[in-house]
Structure formats: C-alpha cells, structure tokens
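All chains, please: the whole structure from these sequences, using the hints.
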Amino acid sequence: MRFTKKDILDIESLEPREISMILDTAQGMKEISERPVKKVPTLRGKTIVLFFQEPSTRTKLSFDTAAKRLSADSISISKSSSSIVKGETLIDTAKNLEAMKPDVIVLRHPSSGAPHLIAKRVNSSVINAGDGIHAHPSQALLDMMSVREKKGKIEGLNISIIGDIAHSRVARSDITGFSKMGANVCICAPKTMIPMGIESLGCIVSPNMETCIEGADVIMMLRIQKERQDNILFPTEREYATLFGLNKARLNLAKKDVIVMHPGPMNRGVEISSDVADSDSSMILEQVTNGVALRMALFYLVAGGSRHADSD
Amino acid sequence: MRIRIKGARLLDPGNIDDNKDIIIKNHLIEAIVDPIFDSKENETRTDIEIIDARGMIVVPGLIDIHVHLREPGQEYKETIETGLMAAAKGGFTAICSMPNTNPVNDNSQVTKFIINCANELGLSKVYPTGAITQGSMGNTLAEIYDMQQAGIVAVTDDGKPLENSNLMRRALEYCKGLDIPVFVHAEELSIADGGSMNEGFFATFWGIKGIPNAAESIMVVRDIALSELTGAPVHFCHISTKESVEAIRQAKKRGVKITCETAPHYFTLTDEDVKDYNTNFKMNPPLRSEEDRQAVIQGLVDGTIDLIASDHAPHSIIEKDVEFDRAAFGIVGLETSLSLSLKLVHDGFLTMAELVNKMAKHPAKIIGIKNDIRPGNIADLTIIDPGHTYEIDPATFKSKSKNTPFAGLKVKGSTFLTMVNGKVVYLK
Ligand SMILES: [Zn+2]
Ligand SMILES: [Zn+2]
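Note that the protein sequences, when read in sequence, are chains F and G. Going by this note's numbering, 228 is the number at position 228 of the first sequence; the sequence numbering is gapless. Going by this note's numbering, 175 is the number at position 175 of the second sequence; the sequence numbering is gapless.
Covered by chain G, according to a simulated footprint, are these stretches of chain F (three or more residues, beta-carbon under 8 Å):
1. 87-98
2. 101-114
3. 121-134
4. 197-204
If you want a taste of the chain G side facing chain F, the calculated C-beta under 8 Å gives, among others:
5. T204
6. G207
7. D325
What the hints contain is simulated information worked out from the structure, not anything from laboratory work. All values reported here derive from a predicted model rather than from experimental measurement. Note that CB positions come from ideal geometry on N, CA and C, so glycine has one too.
Rendered as structure tokens:
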C-alpha cells in the first residue's frame, strides 16, 4: 500500500486504513528511539519548516526531535521571527517559505483552517500541528498509537474524554479518530464546554462523570485551558475538580486495566489528581515518547516514504 | 425621441398585469397602449426606438435597500460607479447605500457627496441612508434632520447594533418626529461573542466559533418592544432565523409597526454549505440551518418578511483570502439577487407579482418613494427575462469585488434591461 496524502490536515480526511498505516509506521519508528544511536538517514537532505504561530514547547520539540532522528534539516519560525507581525498575510508568508523549497511545513496556528488555507497554495506537504479549536491530528494519532500499543486494538474499546471539549482541538480529533477506528467514545464536561452537535462527530455525551467513566478502557483528561476562559464557563477550579476531576475514587469505576491519558501540560489537582497522574494506569509519559515516533512516521510518509516511490 | 417597449407582459402589482406596450418620452412614461403587431410600419419610423421585449416581463424598477457602496474610503473594494453599474446589471433602478463608509455618512457633507457622485454618473439612483449615531459609535445621535434635508431616506448603524437600549429608544422617538425610518442590524454582540459562522454541528465540525440564532432574535425582540413603547416604525435588516421570523410575525399580528427584509443567501444556502474554510460563505448574520432557511421562505410566503435586499458587501481578496476567523463578513449580492429570488417563483413559493412586491414595491414604500408604472411617472423600469438560464460567473460581475458563494450555480431568469429616468442603463 502507498500513502498518497500530500498533507496531514485533520483526522476527518484520513481513511481508517491510512490511520492504521500511520500507526504501523510509527510503531516501527519507535524502535529507532530506543537505539543507542537514535538517528537514521532516511530524510537526509530534506528540509522541514516548523512554523509555529502560537506558543508551544512540547509539540514543537516533539516535531523537531522527530525531524532530527530522521536526519532532516529543521528550521523553526516563530510568530515573532516571521513577517506576520509586520502585517504579511499567512498566504504570503507561506509562499515565501515555499520559495525556500521545504519538503514539509509543520504549522501551528490560532485560526481554525489555517493549514487548509496554505496547503492549497504550496507544493510542500503541510502537517497541521494544531489549528484553532479545530484539529490536532498528530496528537490524536499518537493517542491512538498509545492505546493500540497497550490494548492491542482500538475497536470496541470504551474511551471516555473529559474536559473542555468546546475549546479543544485534541478532543475533536480524538473523538473523530477513535470513533472512526471503531471505539465507543463518551464525553463529559460542564454543559458550557459541550459544543452544539458534537454527538454527530461520533460520541455520546454523558450526564455526569461517573456515568462517563464507568467501564472505561481509556480515560482521557483534557487540560483546563485557563488562558482560554473568560471565567464564565465554570465558577472555580475547586468546583470544577469536584465535578469533573479524575481522582482515585472515580478511577475505580473504570475497568481494572484502565489507562489514563492527558495531552499535557497537566493542571495537577484540577482535572487530574496527582495520585492518578503518577499511578501505574497513567500513560502520560508514554504519550510523549510515542509522540516523537508518530511524528517521525508522518514525516516519513509524506516526505520520504511510499508517497514518492512505487515500492509496492 | 421616444422609446417603445414592445410585446412584453407589463406587471405592476395592484395596478396592471397585461400585455401592453409602454411608450417612454424623455424621462417619463408617456403612455401604456395595446400591443401593436404591425411592426414593419413602426420599425421604419426614425423618431421611435423599439425595444423588442417579447417573452419578457416589464416591472417597476427593482430597489435594493441594503447595499454597501465603499466610497468614500474603500474605493479598492467598490466605488459608487462600479456599485451602480452592478446595480444596473442586477436590474436595480435604485439602491440604498449603507452609511458605514469612511468617513461614516453621519453628516450632510457625506450625504451630498454620495448624491452628487451618483447624479453625475446617471446610472441607477442612490437613496443614501445615514448613521443613527455619530460615527455609528452608538454614543450620541447624529444630525439626522440635517442629513434628511440633504437626501437620506432612512437611518441605520448597520454593520453593528445600537447596543444601548435607552439610546435606541430615544433614536426611535427622535426619528418618529422626523418621519424617517430606522433600519436595524439586529445583533447582540456579547452572545455573538466573536463567532464566525452559525452555531451548530457544522461550526463544531470545522472548529469555528459559532453565532447562535439568539444573537439575532434577542435584538429583534428588544426592538419590537421599543417600537411598541415609542410607536415608531422599525425595519429589521437581513433576517436569518426562525425565531426572528416568528417574533416579527406575532408582533405584526398585534399591530406593531415593523417591517423586515431578508437576503437571497438566507433562503438559498445553509451552514452545511460552509465548507473548507471558504470565506465567501462568511457573512453576518451567518448562513443558518435548513430549518431557518425554510422559516425564512415561509416568512416571505406569508408576508411576514416584506422584502428582499441583498446586503451587497464587497470585499477584496485582502479581506477574504485569509484565515476564516480573520476574514471580513459579507458577500456581493447586487448581480445575483434577482436570479436567486426568481427561484422562489420557479419553485412555486411566490407568484411573480409577489416577487415584484418584495423587490420593487415594498422597498419603495419603506423609503417613501413612488414606484408605479403609470403615464406621467418617471420611467424607472426593469425588464426581466424569466427564462434565461445561465451559470453565475464572478468574472462577469461589474462590481469590483467578486466575493460570492454562488460561483458556478446554475440559475434561471435575469435582467434583460434596466431603465432609469427613461434612459437605458443596462441592456443584456
Ligand atoms: Zn447588517
Ligand atoms: Zn449590511
């Protein structure tokens, strides 16, 4: 099979067999990260631009590490070093980047759809590293990878996602991805954080947290993004933690072998208690490790892999 | 020199619906006469120009009371000239310009500038609207009487709502005294909350911040209450939701003096059509659900919605070829409004006479001008070619801006001819 997508923009545009292919490839890449010399020459001579228009340390570091492990040259452009602060439009900036002939542009942008906008205008592959409240496909893919690795499958699992669904691109991509791969996705949050029509993405909305996590195979806690809220979505962090925080008592409602995930960074004591975050159920650090492998797979598939070679 | 429009159906609802010829002399309708078939004799006459309009419908000039001309200030989007050329092509003999130019039309100098420009061009007519408040900032009343003397026909702060309810009350009272209508852009900004499309599944799907129906209907209900309080008439612009239609329907039943318009996109498209972050589908109010679209059509059918206006809002690629949430609201409409509205007739929702009411007669009534096809009246006429089928192509637009969601749409019916003051300003 060949991977034919030029861009990785969102989970909606990936077929289940493409998702499986990405996860398989990522599993292979993970082995590289475990070698003493964590570098292969696969993408030598390829240029990857990391174009981050929103502050991000983790995701950028993960993409950067992935690029370096494949021997690609990575160049970072942040908001302050790009011409956008000087009034240049996104399309003009992207075209200027394009003129430097990068093979891949990784874009993080506060506007939903920004990667879609530039993907249409440039020949380079575009990987969405998070756009507005729309999508974060590499995060959802690494979540799926982590779950598949631990559980051996995705189909039929009960996945509970708890937190600010309305403002979370991770939630949208996870709901779409897990339901596409046959899992039962259930979400829960204060009603102020449940966007209209979310069920149609392929999930059910639970009336309360207990119902949501009962019998769960996977619990995914979302970060309460304090910086995104104008304090009208819930009264206090204390009350939020009381109603929607994951603690040991609640964890007992889930299956015995439940795994707990979090895209990070965590607010300990708010959406997740420290004992849960540090428990054996927690996959949080594993997610970070898998993130690098998954992003290596994405680079490989769009820039160096079968998209360019008739290898099958 | 006379012009004879020959062989058409003449349709002026409440006045005439018959196969008649019209004779125009100078700027006036001289006579309405029985059709003549001995065309040979007439064609040889040199003092009369014959317009063969067989198969066409002659109606009172169409009037679009909601048009954003961008002059003064944003001539790169549209000038008064290109806007009026677009109006003529769209079949409109007159338009109302919105005051949100730069500077805002909040004083008689700007009003006179617009009117003088339009007069010099000799294309379609402009009846300007002026701002309710200075700079449309929502703080202090503008000099409405002075602008009225200069020629405005209504006031509005369109583009934004007048948030202060007490000031709105006073504006309505003041305007009632001047006998000038107030056009309302109904939007409650705090609940619209910076959204970019209709709140619902599709906004959730695309990750775009939503604008709920209530952002519109809250203000509609408020201003119905203020109209009742003051006894002043209120005209609601661009109605898009089922809740607004229902509120207006009920208020009209109680005799509140309100009128309203909708735009063709609200009865043609829904939020499901907003795809791939195409900013030509971004306007304010946003495209709503199918249920709302049906309610808007019902409102047109039962008369709750008095008229159709395009909310022609030209923007260049500078405002549109950007991220969806950063793109300007608005689409051009002058050159697609008639064809899109004729679909309501083809689909059996409206009769041709009802459509003429909604696009010519009711708009004229609201801004207080005469628009009847009678001998002695000014010859402002539109000739509709009801059968012409074509594909909408923005490249053919006279407007400077091409921001339409209707590119490539197949439509039936278009303008054959537009006549203003007895002069042909557009001929297909
Ligand atoms: Zn408006
Ligand atoms: Zn407007």
